[in-house]
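Can you join these two chains into the complex? Each is in its own frame, and there are hints to help.
Chains A and B are the protein sequences, given in the same order.
Counting from -13, one number per residue, gives the positions in the first sequence under our numbering.
Counting from 373, one number per residue, gives the positions in the second sequence under our numbering.
Any given hint could be a false lead.
[Stated by the list, open to error] Derived lysine-lysine pairs resembling DSS-like cross-links, with alpha carbons at most 30 Å apart:
hint, chain 1, residue 1, chain 2, residue 2
1, A, K(-4), A, K16
2, B, K392, A, K87
3, B, K563, A, K131
[What the hints assert, rightly or not] So the derived list for chain B, only partly shown, Cβ under 10 Å to chain A, looks like this:
hint, residue
4, L545
5, T549
6, L555
7, L557
8, S567
9, A573
[Said to hold, decoys possible] With the Cβ distance kept under 10 Å, some of the chain B side facing chain A (calculated, not the full set):
hint, residue
10, A477
11, N481
12, V546
13, S554
14, A556
15, A572
16, L574
It is worth saying that the hints were derived from the structure and are not from the lab.
Yeah, the Cβ is synthetic: ideal placement off N, Cα and C, and Gly gets one too.
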Amino acid sequence: METINKVEVKELAVFYGNFRALYRINFAVKSNKITAIIGPSGCGKSTLLRSFNRMNDLSLNARVEGEILLDGEDINAKGVDVVDVRRRIGMVFQRPNPFSKSIYENVAYGPRLYGVNRKSDLDKIVEGSIKQAALWDEVKDKLHKSALALSGGQQQRLCIARALAVEPEVILMDEPASALDPISTLRIEELMHDIVKQYTIIIVTHNMQQAARVSDYTAMMMIDDRRAGRMIEFDETQRIFTNPKDKRTEDYVTGRFG
Amino acid sequence: MTRFKELIARNQTALSARRKTVNALMLSLTMLTTVLALIPLFWIIGYVIYKGTPSLNLDFFIHLPRPIGMDGGGVLHAIEGTIVITLLASVFAIPPGVLAAFYAARNPNTTLGIALRFGTDVLSGVPSIVIGLFAYAVIVKPMGHFSGLAGGVAVGILMLPIILRTTEEMLKLVPHTLREGSLALGAPEWKTSLSVLFPAALNGIITGFLLAVARAAGETAPLLFTALGNEHYDIGQIITSGVAQKQTLGTILQRIVDQPVDSLPLTLWKYAQQPYPERVQQSWAVALVLMIFVLLVNILARLWVEFRKR
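Just chain B, with the same shape it has in the complex (with noise of 0.2 Å):
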């Protein structure tokens, strides 16, 4: 004992000296990696606020693009393409996500419940572009042409294994004690899970829908065989004409979701390989708005978050 304490006695100073200076080491190489991870994020934002700005203008948001040498026009049709398409892949994606997952979260160990694990987390592995040739065979092949409604569904097929897999984990968080209390009262299961469960966990329901939605946004690749782009879709048009020719609310409602439809981020790629500046001019704004939404709707779902702990 008394030996090793003298052996110790005599290394203290260098030892400790040398953790001193394995330690600083060690943090600042921590702190460069960070640094370094954190520059294309800021790059990124930064170059796309520096070269989109200059193009944004309130007609940018309210204008269909103008042809082509003409000054002005926007991207409308993109921005409403872009809504119609995250709409519909919303109803398509929402019930049945969150029905199973309360099916995945009650029966986790059931071989209905290990498959549909498993199942998302496939679906949620297989590229975007795959979900898109499928919606083209099954959807836009069948019905003869692009629409909306395919973009929806593809977009849909994609944002259903995020809102299940939060919709489960959230349900998991909810307090057995919760359920048991309601059933102790002799509510039925399905009873207890619409009105006891569901309200408890619909917090981090909604924030795992906004990131689906913000996801479901940004998405390109399953756009390309669906819902294809369409320069002179328009809402409003639309509306005017069916409204003036006494249309019904389910015919104009399928017009607008039954023909092909722009999106905000096929627009960007559209535009970037044209060879006229001022599309890829455009284009760059066209980044600028959809990163700016996607940040929103991230933003949304935290603070949603925060508001409703209090």
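Chain A with its partners taken away, still in its complex shape (with noise of 0.2 Å):
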């Protein structure tokens, strides 16, 4: 497998109003491996994931400074269009959150916005997609019930299929398993493994064995005494684990932090 730069961040820095949130940040996320975010809380994970598909955007008087490369096109340049950045990064959240309703829109949702309309493809986009995200044989008999009568788990590989619908390259996930019970989150680490093969991830997680089970690259952030977030060491998962170069990650990985 090519490891090939997908995403390279350069000087990234981002503001909410005059608070610096991340302090420059330099790092490359390597395509089809799994790159996992990790950091005690209130770090700036959640803030520097938000930034590759420019959800920062969303709020008010943030602001973002530096680049980020993806396939060496910056996306906060003039003249990108922000939908396109968010088809091409797709995103799974904390809390599986899908739309009231049922399955098949909820996965159909996607394709739609981009005049995928035909039912032909829609069906085939939809059954694709929840093949991938491994959830097909539990909903192909009520494809056209309500999502939200699913389980927490099957909620949240729900959603994984709707981000997969629009075949993005790269897929953020904010702590995806965070609300779910060990069974379904070693399903989402599963599917993690069987669909990096064609997609780019990076994964922010509380879960320190998360992390050295599933990325081949670790990020570790730490807050510097100015609350602002730094990216202190990014390497190898299986470095940062066994022989971390900073002495702050050793202390955060091995859980003597603090």
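Right, here's the structure in full:
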């Protein structure tokens, strides 16, 4: 598998008003790999993740400096359509957030946005995406029932299917299993392994074992004395967990933090 | 420490007895006031049922009033009028109310958002008769005659703040992650509102609408200046004669809304002050019908919520 840089982050800083939330972040996300972002609460992991699909645009007075290059092109450049960015970079959220629609309509929602309306096309996309999300056998007989009737783990896999339906290149996952039981968590992790062949995944997680289990690369973040999030170490996951360069990373991954 | 324990040990029995007495006293007081508060409710319902039932029969629902002195006759005109006014009011109030609620829920802290919230608070506090007077000035006066249309506008203005506020509250209850989920797929803001937020809040919006309808159906004051009342209002007759004269649908609809109409509360008010016992008798029956209608709508609203929860 080639390991080209899918996303490159250069001197990224995010401000909320005068408050600097992220301080000079530099790292590169490899294509078809899982990159985990770990760190204590409030260190800016989610802010960093939400910079990748410009969800920070939604916050009032948020300001982004530096560059986020997707295949070499800055996603914040003038003339870049945020809709295009969000199609190419999908997102799965912390809590399952299916729409109050049928299972089918949840998955078809994205393709419809991009003008796919023919039923035969949609059927194919919906079935393919749900199969990819390892949910097909559980829902194939109730595609037109409400998505809200599914269990939490199933809802989260449905949300993954929904994100996959627009064939993104990168998938952002914001603690996708933190609201799920261990078995559902395991299924999500297996699923990540299966789909990473076709996608690039960036996952934020609080769960150290999860980062160690699923990711190829790990970014360690920490808050500095001015409450800005910094990336203190970025390396292959194995090295982060066995032989970190930074003392703080070692303390954190071994649970001796604070 | 020991000293303190000795002290309270001595007081224990007395204190505990006192506590129990006070507790029992307060409990009986709150129970008594609860019963007192419920008395008017059941008294009204019971009395209206007692007074209204004798005049209630099928004729009451399907006939127009008969001249004084003749037996029978009903309040079909008022039932039809109430439906027409409520429908018109809903048409006027729902689209702007719901759309404005979307704006207010999304932009609560903009100047317009604050103005909107303040405005609806003020509007819901305006006495309904003032709203009737307003509709009189801007619709009845220029048109030169009273009409169901003017009544619909007046009642619509009354419904507007109720619909706006309930819709806004319901939209605020939709988890913001749903919105983000849609936006993260690249959906524009309007599309997200329409196809994600609206369905998620639909339950509450419909409940709010039903409550607004219940409120609107019982309004009398704003109709005095607008719908006026019309004992010969008969939609069936308007339609049959319209069809017979080959009038267009537009013309027929216009005839339905462009003349004075009656409503249940208006009829109640008028009948109750007439010197004829049978009319007074009928006004009790009207009260009963109105009460049952409002009760039904309220029950329907609750059932709807319960049903959709599953």
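Structure-inconsistent hints, enumerated in ascending order
Going through the list in order, the structure violates hints 2, 4, 10 and respects the others.
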